[in-house]
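Colleague: So the sequences go chain by chain: V and A. Here our numbering is used: the first residue of the first sequence is -12, the next is one more, and so on. Here our numbering is used: the first residue of the second sequence is 152, the next is one more, and so on.
No wet-lab data here; the hints were simulated from the structure. Please read these numbers as outputs of a predicted model, since none were measured by experiment. Cβ atoms here follow ideal geometry from the backbone N, Cα and C, with glycine treated the same way. There's no promise every hint is true.
[Unchecked claim] A partial selection of chain A residues facing chain V, derived with a Cβ cut-off under 10 Å:
| id | residue |
| --- | --- |
| 1 | C382 |
| 2 | A383 |
| 3 | A385 |
| 4 | I386 |
| 5 | F430 |
| 6 | V432 |
| 7 | D434 |
| 8 | R437 |
| 9 | V467 |
| 10 | T469 |
| 11 | L470 |
| 12 | P471 |
| 13 | P473 |
| 14 | G475 |
[As the list claims (entries may be wrong)] Partial list, computed: chain V residues near chain A (C-beta under 10 Å):
| id | residue |
| --- | --- |
| 15 | R613 |
| 16 | T614 |
| 17 | I664 |
| 18 | T666 |
| 19 | F669 |
Below are the chains, spelled out letter by letter.
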Amino acid sequence: MLRKANAPRPPEDSVALRVVVAIAVIAATTATLAQGVGGSGLRVAATVGIAFGFAFSHWARHRDGYLLKVGLALGVVIAFASFLDAVLGASTGSLAEIQIPLAELFLWVQLLHALDVPARRDLLFSLLSSLVLMAVAGVLSISGGLAVYLVVWGVATASSLVLAYRSEIGDLPPLVDVHGRLAEQRSTVTRPLIGAVALVLLVATAVFLVVPAAGAGRAVAFPAQLPSRVPVPDQGGLANPSLGADDPSGPGAGPGQQRASFGYFGFSQTMDTSLRGRPDDTLVMRVKAARPDFWRGQTFDLWDGRVWEQSDHEPATRRGSSPIELRGSVEDRAILDRSASVELVQTVYVERPGPNLIFAAASPQSLYMSDNAVFELNDGTVRTGVELSRGAVYSVVSRRPAVTESILRAAGEGRVARPGTVDRNVADRYTQLPEVPERVARLARDVTASSLTTYDKVRALEAWMGANTTYTLDIPPLPAGADAVEQYLFVDKQGFCEQIGTALVVMLRSLGVPARLAVGYTPGERNPFTGLFEVRADDAHAWAEVYFPGVGWQAFDPTAAVPLAGEPFSSSAGTGLVSFLAGRLPSLPAQAPEVLAGLGAALAITLAGAGAVRRRVAKRRALAARTWPDLFLERLEVAGAERGRPRRASESAIRYSEALSTSVLPDRRVADLGHIIETAAFGPEGVEDRERRLAESVLHEAASASPTAGREP
Amino acid sequence: MTSSRVDVAALPQSFGAATDLAGALTENLGRVIRGKAEPIRLAVTALLSGHHLLLEDVPGVGKTLLAKALARSLGGSFGRIQGTPDLLPAELTGVSVFRKASEDWEFRPGPLFANVVLVDEINRATPRTQSALLEAMAERQVTVDGTSWDLPDPFFVVATQNPVEHVGTFPLVEGQRDRFGLVVEIGHPSKAAERDLLLGAGGAEALQGLRPVCEPLALAAAVATIRTVYCAPAIADYIVDLVAGTRHHGEVVLGASPRASLSLLHAAKAGATMAGRQFVVPDDVRALAVPALAHRLMLRGGSDLATASGIVSRIVDTLPVPRG
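Chain A on its own, in the form it takes in the complex (with noise of 0.2 Å):
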């Protein structure tokens, strides 16, 4: 049994290192997506959180390129797996092979054992391989043979899905949705940014000349930092009283769980250290409960992200901010 995981507290844990390295992730994406700053800050709030990012949007609106520009800037092993009905859960995790030379059954593992991993088009996958990956998300290693094998740290899943084509789809369950860190919705591009994009600025080429700003362990380092940054209880209490409100609005079925809470918590603390803030304030938690909470509300007509979204939104607008 191998094993890649990193004692994390034995990192060099540098507020400030966390800090520059937001920023640097943060330009570095800039020079590939074009215009797009908030979905960017989103994606590296993910990545600081130390929680899974799913990229939702119709297609051509740049998904996969955030997604690859993000693998690439953070350095580190890259695994991609194309969510298709065919894909079977050994392809994401690996196989044991039969060795005729040792006579014996090797491992070998699959596009899942990578730091960061882009699964694209995650809701063409069927059920039985979205439950897989999601399982080795949750528990960060895979089960192959009896044998149980660490995924690597830091470990971070970015995946894709388009929202409005159902045939051939396989919709991600609440429950699964529940895995995901944010859900972050790019959007079109303005018109100077496509006209930007059309003159070649920005895109493919771009992701071609971009550079790692980082190290995995770094990147480890700075989630472990990230989540020593001070929450004061009040802001604690705001989270609760959020997502308490979730669960008692009227068009909500089932609202947003403790795990909601807590990947809200670590994304508002996230948020603080790129900010430059070594503590959690109130718009911290504002700025990130829709991308952090909507995807998990069932709601009582059907869950669609934009309705969940609006009722995160209200709900954050009437909710008084702790005064301290």
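The shape of chain V in the complex, shown without the other chains (with noise of 0.2 Å):
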């Protein structure tokens, strides 16, 4: 038994096979080394080698090749040892540093094999070992880019299932062959393919629109990576290359220091409400998240009218390796020390040299990060102390109390917060204020006269603003000394995020409610192919954050919908496919007409599609239903044809092969074909694969050393 599981197999010689399965390994390969797998030296050893491996491979697949075999042990020995070094070698021990070795690992030994694969076993195996470096590729990846390599490999891979399909039962079509034969034998190849991999799309799809979206959380290892490590100028301060020489805290305004057209100036240590100008749609990093959260960045406490400011200037330094656990504010610690929290863990991948603020959802508790110190200040965010340049990869676990409108609305209800506590601390230094226009302070008292909570004040303010101001991004310059709230509230009544969040949070305070006002990223858009978020430059915002005793705080935008903490946010892996495509589809009503007649002819073609497959289905059926003998003296009688010797529909499979192999295929072991063919027909038990293997490639042989060409019909 164990011999003849171990028995060498026939070698395989179908070249469209070997090359199919080359091509499926290829794009497999490519597609790790594509998402940074990989010195150089392991990227063209693996797409030339491979190449060269799987050729190699077809040339000697008639060979022992032990000296071969040795080799590629040793091979795979030497590629396991390196795998084990730069295991042990990983400074922090975390899974994640070893995702990459691993990879690189899997690409050695599907190099060292493809130097070896004589028989088909070997190239399905092949196969097989590709598609565990898809999907290595298709975790390592975070861009639509791994779609090329899928589809290469799905459509490679696809062939060479329906060809090894084909050539085990016999019905792999000659290579050698006249055009119309070849034509024919080529759509009940084609044909199959097509279907197969329609049927896959649909099948994926459905499921791709209910499995539940995976984010970070699920992850074993938290990813995390620094492509350089360039300290910033000042460590613990801010840093944003990104400003250029309108960074307030850079170290000067150089010539030749432009603002990149993406650098947001909220990222900055002060926020001035009076600049103008908004970044574009740059992508600036991708955040794998279970769901959608803001991405804060910073918070600012001190509001002199115009221009926004932090009054921590002393961050404490946190050391630690993977993670680098965070302390958070008094107030976020204290309230999610003894309440109900949850939790959600992101991974930014960042794409833009940017500032050296850590984006996460309120509040980070952990950070997954290359370095061992970050900066953390005491409202929660963190700094880094080295520049997040492209590449740059870190997670974060962020813990937030699980809040309600009616939490919200009970907060704080009949409580005096007495001094020396979190809660009137947080009072002290959020309510501060410099003297705020009387207007103002009257407007905020009247939107809120009927508002009994802290919830519906903020909610009533909001309405007003909604109501009463339009939000644009094209508001006039703010005039020389005008308060920056007033103005927006009663000479433009237009204005963007920061007059919004600035003015709300005012008149919060005015009303002695605490609250400041948050920089960051709104989650932008989920890219339902690759369950990231796609941050870009033009989702920089800035919102409110109140502050809700015994609660913490909560953010709250009038014009960013993003739903409160503990609120289910159901999601499949595939939310947002539909708007995700529509954002990149032409308008649609513009073209309604057009689109029903397409849906139409679209209903139209699906029925004939269902009509032409059920034919084909009872065709295929058909071809099912015919058996090897039958099929082989087919292609017996079309080698046979082809020559001029077709046979007589009297002649028995032996008599014909015989008279073949005496005029048209002068190759004796052609008279023995039709013993096979009429043995596998008859006889009592068929014939072994084996020996139909041997017929299919005798007759191949045969036909391959006897033309058409040249010879009369």
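Two chains, two separate frames, one set of hints: put the complex together.
Modeller: This is the structure in structure tokens:
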């Protein structure tokens, strides 16, 4: 039994099968390499080596190759040793650092295996390991670029499976063939192939829409990576290369220090609301998270009527190595310690060099990062000590209290904050205001006159602003000496998030409600194919955070719809698929008639297609009902007919093959084919697969040796 | 009542032995009948298929010689009947004789009680004698004075007839011809074979020196073994189609019977065995269709074997072989 299982398989002669398998393997390999796996040596070795390996395997398929096998075994041992070396040498010992060496090990094994794939079974094994590589690439991938590889790999894999299956049932199209016949045979490969691909797409889409979104929380390892370690000039301070000369905290306005088109002036130590100009739609980062949230960078607590500023100038240093445990603000910590909270894990992939801020949902608890020190401000926001350039990856675990509307309404009712308590300290710090213009304070009082709770006050103010001001990016400059909030509420009556958020904070503070301005990014658009939120520069945002005693800080924003924490956010992997696609298709209403016509046509095609599929299924069943001797006799007949010796209907396979062997297919072994066919057809036990394959290869060789060209029919 | 029947199922069945036996028989016959491989092959096929053989040809081509050689090669008992108009059925089957000593009737078996029975010039016997003979061939038993006697096993009849002579003959009717599994025409020898014959090779001298190649029991075992040769459903369909072809042919009044299908199948199994195969292929059927079917057809313009053979040949050459 064992001996039979390990017996050498007959070599695979089909070049077509070998080529499609090679394409699948190379697609999977390059897909993995494209995720930043491996150095340049592995890149060259993998791309060139696998192609060479397949060619070599084909050439050497009839050889024993013991030496080669020994060499390959040695190679695998070396690859494994280097993997172990990489793993043991990993600095932090986190699982995330094994990911890349493991992918490299996979690549090496795939490369070495390519050198020794003589038989069909080996080819199919290679195909299977390419599936693993594809999965590795899928895990590492953060962009839709994988789709290209996936399509190539999928088509090649499906083709090889169809070819292997056809070869198995003896229906592999002869490679030496006349054009007409070949075209017909080809359609018997293409059609099931198209069917298989369509079916896979259908099933995959269905599964995609049903399975829950993974997010980053389910990952075994939290990715963290720094392509380069460049310390920021001012440790603990803020550096934002994307602001260039505009950065008030920068080293100075040097010539050529142009602000990048995507730099947002809010990511600075101060935020001047008189500044205008918005970033473009440059992709700045991708965020892997199970649900959308504000990706907060920092908050401002000091307001002077025009400019927001931070009071904390001495951030605390937090040390550690993956993860770095953060403390959070005093109030956050007090609340998280005693109330139910929800956790959100997010992994941020930096696409453009930006500020050294850790963007995360409130409130970050631990940070996975390839650096062992960060700086935490007393509001719970975090700055890094190194520049976050393109390719930097960090993961943050955030927690915040689970809240609902009713909890927020009930918060702080009937409680008086005694001096020295957390609530009192927060109130003291976050209600301070400069001289507020009288009509602003009056407006706040008037609008909230009928509101009993803080939550209702916030809602009332939001509603008033929504009704009486308009959101626009295009507002006039702030006149010198004017109060930004007054100007927005009573003069311009239009503004964007800084104005709206600031007005909300200032009015709430005037009512004695603790509030602050937070800056960061809105969730961005979720790409359903990668499952990642794509955050662009113009997603940069400012919003109000309001403190509820006993509940904590809660973000409010009339312009961005972000669910409250604790509200159920159910999503599948395919959530947003339609809106994602719709955003990339031309707007529909203008072309409604064409769209309807198109839908009608699609329906008609679908119905016609269903009929065709049914006929096709019937045909395939008929084909599947045909036996090997029948099909193989047909190949013999084709080979004979093409050379001018068709089989007579009453001529048995034995006689026919004997006749061919002495005429148009002058190969002694051809005479035996009839016996094999008839033994398979009429014998009580048929023939073994081995004999079938032998027969197929004999016919193939005889046909190759005796081409149709140059013969008179 | 005596029984010489053998329980063939209890015989050692060996496929290889059956093939070897066929080879030995063919070789033995070849020593006597020179240059006639095909008739010899057909004769051996008929023998191994368990059906009777009719040799039909002009005088002097070796019909009787072949029949004798066959009988001699088989060992066992040999009976010979010369067909004449005055031959009586009792002379074939045997008679009951009153013995004074025992004061009882004692059955004296006739020449039919043998493993191989040569019936020479069968068409010279009267229809009454013919039907007694043919009944014995079909039933493998004879009934004398109300008592049935089993014929020995194996029981193999080789009959000869001359189709050209009509004076003083009683041609076998179709129903009687149907009892023969195969009809073989020997034909004139080639020049080389005839020259060999003149120079003393083969012929009657060789017949004298012929040794039996097997025991009767071995032949019975071989016949039983051959019946177990595998016939694929597609082959059975093919035989059915062939036979149906003779029934639907325009020149044929009465086509081949289901007995014909069965005897063609048995012959094909024997043919497969002789080729060392344990399953029937279309070529086995094709090669035996004419000798197994042609003599059973009743044609519109009077039955003659040559025309019927032509019809069967054409059916074989136009009917597609099964593909499996």
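Colleague: Confirm or reject each hint.
Modeller: Comparing the hints with the structure gives:
| no. | hint | result |
| --- | --- | --- |
| 1 | C382 | holds (8 Å) |
| 2 | A383 | holds (4 Å) |
| 3 | A385 | holds (7 Å) |
| 4 | I386 | holds (6 Å) |
| 5 | F430 | holds (5 Å) |
| 6 | V432 | holds (5 Å) |
| 7 | D434 | holds (5 Å) |
| 8 | R437 | holds (7 Å) |
| 9 | V467 | holds (6 Å) |
| 10 | T469 | holds (6 Å) |
| 11 | L470 | holds (6 Å) |
| 12 | P471 | holds (4 Å) |
| 13 | P473 | holds (7 Å) |
| 14 | G475 | holds (2 Å) |
| 15 | R613 | holds (9 Å) |
| 16 | T614 | holds (6 Å) |
| 17 | I664 | holds (7 Å) |
| 18 | T666 | holds (8 Å) |
| 19 | F669 | holds (4 Å) |
When held up to the earlier numbered hints, the structure conflicts with none and fits them all.
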